[in-house]
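Engineer: Residue numbers (my numbering), protein chains in the order written: chain A, 1 to 613; chain B, 1001 to 1237.
Hints were generated in silico from the structure; no laboratory data involved. Every residue, glycine too, gets a C-beta built ideally from N, C-alpha and C. All clues stand as given, with none of them false.
Counterexamples of contact, computed for chain A against chain B with all Cβ distances above 10 Å:
no. : residue
1   : K29
2   : H52
3   : E168
4   : E259
5   : A387
6   : G532
Partial selection, computed: residues in chain A whose CB lies under 7 Å from chain B:
no. : residue
7   : P16
8   : S17
9   : L249
10  : G300
11  : G332
Computed cross-link-like contacts, SDA-like style, restricted to lysine to any residue with a CA-CA straight-line distance of at most 20 Å:
no. : chain 1 : residue 1 : chain 2 : residue 2
12  : B       : K1086     : A       : R27
13  : B       : K1086     : A       : D254
14  : B       : K1148     : A       : Q14
15  : B       : K1086     : A       : E303
16  : B       : K1148     : A       : R12
17  : B       : K1048     : A       : E250
18  : B       : K1086     : A       : C294
19  : A       : K29       : B       : D1089
20  : B       : K1048     : A       : A329
21  : B       : K1086     : A       : V245
22  : B       : K1086     : A       : A26
23  : B       : K1086     : A       : H28
24  : A       : K181      : A       : E102
25  : A       : K181      : A       : L204
26  : B       : K1048     : A       : E303
27  : B       : K1086     : A       : A298
28  : B       : K1048     : A       : S331
29  : B       : K1086     : B       : V1067
30  : A       : K181      : A       : G222
31  : B       : K1086     : A       : D243
32  : B       : K1148     : A       : M15
33  : B       : K1086     : A       : G332
34  : B       : K1048     : A       : G332
35  : B       : K1148     : A       : V13
36  : A       : K29       : B       : A1013
This is what each chain is made of:
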Amino acid sequence: MIDDSLDRVLPRVQMPSRYTDGEWNARHKPHDQVALKVALAYPDTYEVGMSHLGLRILYDILNGRDDALAERVFSPWTDLEEEMRRGGLPLWALESGRPVREFDVFGISLPYEMTFTNALNLLDLAGLPLASAERGDDHPLVIAGGPGAANPEPLADFVDAFVLGEGEQVIGEIAEAVIAKRGQGRAATLAALAAIPGVYVPSLYEVTYDGPCVASVEPRDGAPARVCRRVVEDFEAAPYPTDQVVPFLETVHDRVTLEIMRGCSRGCRFCQAGMMYRPVRERSVERLADLARCAVHATGWDEIALLAFNSPDYSRIEALVDRLLAEHAPSGVSISLPSLRTDTFSVGLADRLATVRRGGLTFAPEAGTARLRHAINKPVTDEHLLAAAGAAFQAGWNRIKLYFMIGLPTETDEDVEAIGDLVARVRACGREALEPQRRGRLRLAVSVGAFVPKAHTPFQWWGQVEGEALSERQERIRERTRLKGVQVEFPDPDAAWVEAALSRGDRRLGAVIRRAWELGCRFDSWDDRFDGALWRQAFAECGLDATFYAHRRIPFEETLPWDHLSYGVGREFLLREAEAALRGDLTEDCRTGPCSECGACEGVERRAQVSHG
Amino acid sequence: MQQIICRLAKGEAVKYVSHLDLMRAVERGARRAGLPLAHSQGFNPRPKIASASALSVGATSEAELLVIELDEPRDPLDVQERLNGKLPDGLEVLQAWTQPAYKHKFAIGETDTAEFRVTVEGPVEPERLAEAVRAFLGAEEVAVERVKGDRAKQMNIRPFVSALDLVEREPGRAVLRLRVRLSPSGSARTEEVLAAVGIAGDDFRVAVHRTALYASGRTGKQAKQRLERMLPRRSAP
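Bound-form chain B, shown alone (with noise of 0.2 Å):
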């Protein structure tokens, strides 16, 4: 048994598939490409495939982590070229390699920081927003309404953001840098923070793409430990 951690590259041809969807696109990738995946046991066995924090639909990525569990070794560079060549188009693996069992739940589970890079055009006015995004990062609380059925609760999402950079900026358009921690008790929606700063409703068209996806090892000095030897050195500015 060996486990296989991929990098992924969502692109634009496929941004609007959802997460479960991707995950059985690189399911059926792997069939073909003949890759001997590893099964859960009972009535209805399914494929060993894990992934780290949903991205939402509409978001592209290049940095999506999945956890591919095959019944016999493989080489993680033969694996990565293998399913290259059986992924449809927009979906690609950048990175992949391996590590012991022992550390499956740790790769997924720690992960707790991602990065996106935001591209907004529309009545983009750059002085305003450069206010509104220091407002933001100066403010205690930013109080957010999440509807679930018919019950609505508010929510501070102004803990969860560790970064809003304005990183460009001209009339009509700008690009921003956005980095949230997702937590066990919730995280901060990029729709939310980009409302906050009043980028919000049919006249602003947003490309959002997620470029990272770690642990920032705030969950243990060991856990960072580990985490360094295997994943994509990112160093937290």
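With the rest of the complex left out, here is chain A (with noise of 0.2 Å):
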């Protein structure tokens, strides 16, 4: 909606049909006719929250609701909040242009560490006091979830009520929970919310300090001693929308995000999103097919995106793309697999879908040597990674990424040489598949990543490698790829250790936080607006230092500050694997191999489960 104080400043503003709302799809219900009003907000640019499923799927569902309505916010850029300042216009949501204080409910999805500064920045240019403990009746409630709340301690601060885990079950809960105790006040709601499994209220705990770390965590007022987060047992028939709003503007991801699965039990022992999705669930090809159909129909998109952490892991992938080409590709839809894994069967899957359109090809190998992946619980092997690559040049393709990552545990001098050995290597496979002609196009995308500890993994009680040394090990890589056609691509960094330092944070970085906002930290995930000296300046206000949580080894017996919050894989599971990690051994993905008894599957009930050979 643009009323009449956007309009006047709309016309100054970059990109303004960001705020602009009038989507095809978009939802446009009746204040006066609900109990609930929810403002969903993603805390970056439309085009990045757009490209969010999740926030897709909550605003579907409680826009379903008789009693609820949803409408979406954003971030504004830099531009539109110098003037939303200076003119005293309040954050409002898109559909009504009603200020986001009018709401009852401001939900506010985490993607991850690097929007937290943006999160408050929400908040305040909503009108709202940044503490949970200074907002009262009137107030929206402030909920948060998604994957940037695995670890929620470092903003219990300012959010009344953390969502851990899958939304699509608990959200209806939570709507039908503050509607029940609409008129009796903050603390009666809080205490009603912390009653639903997967729902945490951090004002609920008190935490205690042993010098530098947590001593304890205690309920209080009946809460939970341990919140367990929420999972979808009911995959198949889990709500998924349709009529998804078709963007403008084009977005990040500009097309039908289709799940096709959810979870991973590969079990690379870095990745959170692999350790806090578990169990594995799959939707039939039937079901996907008739999504499908409908989503097209209802978008007018042109692009079908399979979305799954590794898409050939999908059980009957060949069937489901063989269908979706079939009934797509004649009217010109193309189907996508945004990721995929290292071997010539993708390459493979990926040259069929190219009958429509080419897509971009991305390896992820990881870590330079064998036998770091076996630390990192990825056996990939070189053979593998070099016929995939031979497989895709000789395809067609010309241009291929590489992801690495650097500052693994248990990481050498040796096993980061050997990335700069093996992207030499693919290149020269590439020279040798590709014709004469066409070797002068060959081009090699090398993204090389720095290792964040995250917590719930395996891996989250080792330090991130401190800056100096980082570089020092970028530069190895570097001299190794002086290369013709490869183009290397390093963090800065300066930024990776603040992601460190949250995502292992407790509650007293609630203060570094809002200390790194009020100095102007703005989209700091953004390479060209992150400011690394505001962090160091934040942090040395705040008398905390910054090593302690990003790059220091947590002893094992340590109280970590999320103990009192599990998402399904139990702390033994979690030690195993770290000392499996240790001595470089394998755990087999529990889908092929023998279960690896992780805890994600604990009470729940697979339904509609398909079965794997």
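Please dock the two separately framed chains into a single complex, following the hints provided.
Structural biologist: Printed below as a string of structure tokens:
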């Protein structure tokens, strides 16, 4: 909705259609006919937020209810923020143009730690006190969830309740609890929320410290001692929005995102998503074909992306691809696989999909040596990678992407140097596979990220390698990859430590995040916006040591700030995996090997689960 | 194969949508409407939808011209109706008609004139504005500076303005009618013309509405005759 005050500022900002709503399938429900109004926010730009499936699912579920409505909110870019602050324009929800302050619930999706300052900024722009304790009965409840809430402790001061795990079922329970407790005050509502499985109300927990470490986390007022994440049991029937909002602007993922499976049991030891979203669940080919047809019809998008942690892991991927191609290719709708594993099967699959449009190919071997790939439990061999790359070049790709990580636990100089050597070998293999006239066009885009230890993973105890050492390791790779056609991208070593500190942080970091926000930190996940100096200043002013959070090896016996929160996988399993990593032992995928007793299936009934051979 | 020409309205609700995004919205609307869109060949096939002269962000219009190419012939009235059922609020096909394929380039490529109605609110002084408009029309040269990257270029916009009338004027409000020539060598931008008559800055609220987009026929008699058969008739004042 474009009201008059907005109409006055929009001519002065970049990409004004980020803020105007009116897209196809946007839902406009009358405010006076529902009991519950929810503003659903994503703490990044419209283009990023509209690419997020989770937000679309919650939007659909809430608007599908007779007693509720949901509207969207995204972070205004800095130019609009300036206009808003100058003109006293409060943060509004797109559909109605009404201030967020007038809603009952302000829901914030947290994709990851680097959006925390933006989340605070949203609260402030909405005119809400930042601290949960300073908000009253007249303010919306602030509820957050998503992968960035894996360890929600750094945001405990600001958020009234966190949702752990998958939101499809719990969102309805939350809506009902908030409606039932209307007029009874915040305390009563929060107590009711804390009684819902998977909902964590941080103000009901007392944290004590032993020097720099967390000593204990004690619940009060009947809150559960341990909050366990929610998981959708019947994934086949789980709500999936087919009539999704179709943006005018070109968004990051501007297409039908068809979630074919959820969870991954491969067990890469650095991977938080792979631990948090267990067990693995699939939708049937039949259901997916129906959903795809409805979604294309309702949106007019010309691409269907099959979303999974690793789409070829879907047990009937070939049947699904054939079915979708037969139905959609004739009308110019392409099928794409955004994530692929490193093997020739995947290349064959990608080649088949290229019948309509040829997408990019990305391989993620992560580490340079077989030894380290064993330690992280991603046992891809060099031969696999080279064969897959060769197949890709032969099938017509001139450019492929390679993802590596440096600073992984147990990494040595030899492992780092091997990354450079492996890149050179992939290039040589490409030159061999390509006809002489295509050789000049060969491109390898290599991205080398820094390992960030994440809560609820086997590597949560390891520290991140410090900036200087990280730079030195980057240099080792750089000097080995000065080759024509090879482009290597390194992360800013100054940014990785902030993410590491926040991902393993405790409640004391709330002050740091608040200070960083006051100092002007916004859009920290945007390379050109991030300012490490401001974060260093924020840590220093709060008297906290970033090294303690980001770079320290935490002893196994220490209490972790997130020990009272469970994502299904047990501490014992994580410990076993950490020790296996040190020995270089592999743990097999439970879909093909024995159960690894991770704990994720406990109490979970997997309905409509497709069996695996 | 068939080509359908659409005259499209771009209303208030979508005025901040850029030209490229608008084209994509029509493309998606056409797909939702089940129209048999023709696609280009190659690695990245695109639907064949062409447009005349991009409208600037923030302006509304009742005269956006699009050519949509279909694989199978359809009744243009049917296309109009289906498309209108599947376009976001603010976008509407006002007219649709067919033309033989060989004329495609002509309809889009030969449009060389755009007309605007510009409504201005703010510290408007009617007499002073009328005088500024007279001075503008009487001048042979109106120089503006265009910045491209780090280079600034002087340009005379006067030859591109073929009409500028003050249709309504009262203290605080004025309506202007502007006709500009679009040519390969350039054109005059609405905001440049307004600035030249003293309307610029945050104190003014300006609403730009494109009322017509057409071929004036200056490119040849034959072209004009063809166009008269296909485009809604506009008499040049």
